[in-house]
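Enquirer: Sequences listed follow chains H and B, in order.
According to numbering that gives the first Met the number 0, numbering within the first sequence proceeds without interruption in unit steps and concludes at 250.
According to numbering that gives the first Met the number 0, numbering within the second sequence proceeds without interruption in unit steps and concludes at 302.
Warning: the hint list may mix true and false statements.
Stated by the list, open to error - Calculated lysine-lysine pairs in the DSS-like style (CA-CA distance at most 30 Å, straight line):
{"hint": "1", "chain 1": "B", "residue 1": "Lys54", "chain 2": "H", "residue 2": "Lys161"}
{"hint": "2", "chain 1": "B", "residue 1": "Lys187", "chain 2": "H", "residue 2": "Lys224"}
{"hint": "3", "chain 1": "B", "residue 1": "Lys54", "chain 2": "H", "residue 2": "Lys121"}
{"hint": "4", "chain 1": "H", "residue 1": "Lys57", "chain 2": "B", "residue 2": "Lys104"}
{"hint": "5", "chain 1": "H", "residue 1": "Lys103", "chain 2": "B", "residue 2": "Lys184"}
{"hint": "6", "chain 1": "B", "residue 1": "Lys190", "chain 2": "B", "residue 2": "Lys241"}
{"hint": "7", "chain 1": "H", "residue 1": "Lys100", "chain 2": "B", "residue 2": "Lys184"}
{"hint": "8", "chain 1": "B", "residue 1": "Lys159", "chain 2": "H", "residue 2": "Lys29"}
{"hint": "9", "chain 1": "B", "residue 1": "Lys256", "chain 2": "H", "residue 2": "Lys161"}
{"hint": "10", "chain 1": "H", "residue 1": "Lys160", "chain 2": "B", "residue 2": "Lys256"}
{"hint": "11", "chain 1": "H", "residue 1": "Lys161", "chain 2": "B", "residue 2": "Lys184"}
{"hint": "12", "chain 1": "B", "residue 1": "Lys230", "chain 2": "H", "residue 2": "Lys213"}
{"hint": "13", "chain 1": "H", "residue 1": "Lys29", "chain 2": "B", "residue 2": "Lys156"}
{"hint": "14", "chain 1": "H", "residue 1": "Lys161", "chain 2": "B", "residue 2": "Lys187"}
Hint data in this document are derived by calculation from the structure and do not stem from the laboratory.
All values derive from a computational prediction rather than experimental measurement.
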Amino acid sequence: MKLFIWLLGFFMLAVSCKQKPVNLQRIEGKQIPISSEIVRDSNIMAVVSPYKEELESKMSAILAYAPTDFYKDDDDKTETSIGNFMADLCYKHGNFIFNKKTKKNIDFVLLNYGGIRAGISKGDVTTRSAYEVMPFENNMVVVELTYQKIQDLLAYLAISKKAHPISKQLHISFKDNNIKSALLNGKNFDKNKTYFVLTSDYLQNGGNHMNFFKEPLSLTNLDYKIRKAILDELEEIDTIKAKEDGRVIRK
Amino acid sequence: MDRRKFIQQSGATAAFIGIGSLSLQSFNKNSAKHITILHTNDVHSHIEPFAANDKLYANMGGVARRASLIHSIRKENPNTLLFDAGDMFLVTPYFNFYGGELEFKLMSMMGYDAATIGNHDFDNGIDGLYRQLPHAQFDLLSANYDFKNTVLDTHVKPYKIFLKNGIKVGVFGLGIELDGLVDNKLYKETKYNDPVAVAQDMSRILNKEEDCDLVICLSHLGYNYKINSNKISDLKLASLTKGIDLIIGGHTHTFLKKPTVTKNSIGKNMLINQVGWGGINLGRIDYYFDRETKGANGTTIIV
Chain H
0 MKLFIWLLGF FMLAVSCKQK PVNLQRIEGK QIPISSEIVR DSNIMAVVSP YKEELESKMS
60 AILAYAPTDF YKDDDDKTET SIGNFMADLC YKHGNFIFNK KTKKNIDFVL LNYGGIRAGI
120 SKGDVTTRSA YEVMPFENNM VVVELTYQKI QDLLAYLAIS KKAHPISKQL HISFKDNNIK
180 SALLNGKNFD KNKTYFVLTS DYLQNGGNHM NFFKEPLSLT NLDYKIRKAI LDELEEIDTI
240 KAKEDGRVIR K
Chain B
0 MDRRKFIQQS GATAAFIGIG SLSLQSFNKN SAKHITILHT NDVHSHIEPF AANDKLYANM
60 GGVARRASLI HSIRKENPNT LLFDAGDMFL VTPYFNFYGG ELEFKLMSMM GYDAATIGNH
120 DFDNGIDGLY RQLPHAQFDL LSANYDFKNT VLDTHVKPYK IFLKNGIKVG VFGLGIELDG
180 LVDNKLYKET KYNDPVAVAQ DMSRILNKEE DCDLVICLSH LGYNYKINSN KISDLKLASL
240 TKGIDLIIGG HTHTFLKKPT VTKNSIGKNM LINQVGWGGI NLGRIDYYFD RETKGANGTT
300 IIV
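Please build the complete structure, drawing on both the sequences and the hints.
Expert: Right, dumping it as structure tokens:
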């Protein structure tokens, strides 16, 4: 009798369910690490090989030396050594071009944390390193901002809590989500002045919701890739000396 | 770790046998069907393994190894499908120098069946992606990007149905909102439509009209957003829709210890999986079907 009710139950369920010819019985899910024990497929290797050789010759040139690891691996930081390295080299090389073009100087640089895609490991720094740090094809642009837009920029940084790279001309101190002080070359921003900020074309176009970069008073495209600036800097210097220097503090 | 997994598995199998004793009589080997789903996400042009001095992933990954693994799984079960959840491009010089050509060639060699489009797949512009299409012998799927006013018009399908050993597998793609994430100059007139509404529509079409046995979503929405909890994610999408069996995710580079079992809008179990990034892992989901309709047993999920 019990069995009969059970069977009836099955029957009713079968009728009421969608009539599919198959019934899903079991699902098994997992992930398999692609570890070095797996033998490489020779057909794939043969196709990759000519590309790899051409790249190797281009990418393995040693340009500089890293005395330590430069990583952007800490989300709680207000600044990172690699971010400072990037922002300062963008200032140096970007301002050289901007000054030639306009006879004016950049006030500071702001990039985005996510734009640094890899660290630089201790040891020889190669052309490849520059491509890893900056795989994007972004160009440098300089925007002229009003005092109010500068305030928007600072407010954005206060809330975002990410170690967005800032060049050494700017020193910011946050308390909670507010700006305690923001000094450009040791001075407060002036309500009656406008400021030249170097950033990437990606951010200027509203990337990362840095909307204060949209519709600036003036816009100068330097036609100079950020990655090219890294390569130029690495060729100029022997050793990467960047460090965290307290330019951004959060209390 | 391994021991625990074994115990978990044997426990689950025992439960399955216990509940299923009635239908077991009609269960024979010839009528059972087995579909294997393999997947990657955010491979980001990592054609070679990570360098030996890499801090986190030394010697992991590499296409040549992934190809061997896929090949051996296909030998074991020819009824295997292989998908990617987007961001195939960018991060290594292979992309800077060759624009994605090699990535697509190798994915074709490995027998990828479909991929969805990630935000970084627009990095050489929509024209840059279009130029690489001749190298891709697999479909790009996106149901919520409207490419009508772009060069990709008619080249990207919303969904595709794969028939493997009599099992109908419906697969559709979902892309992330591009505004603020990708330079507008790159994606041009690509229109982003609400992924939830689109997913519900896709699920209806694939379940009701196409009568699929399995419905899979290739999503580049991201696994979960803790800070911006309003933002649509795979976990959110799962809870807001029904009729999707598996979400293969990407974008957030999430390493899950095991696939997430979660409930859809009507409380039915489904899976979400994402396998980190850079080709470090291959995701594998196996579906076992019984030819007989004894629908009351439910499904055993072992992760």
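Enquirer: Tell me the hint numbers this structure goes against, listed in increasing order.
Expert: Structure breaks no hint.
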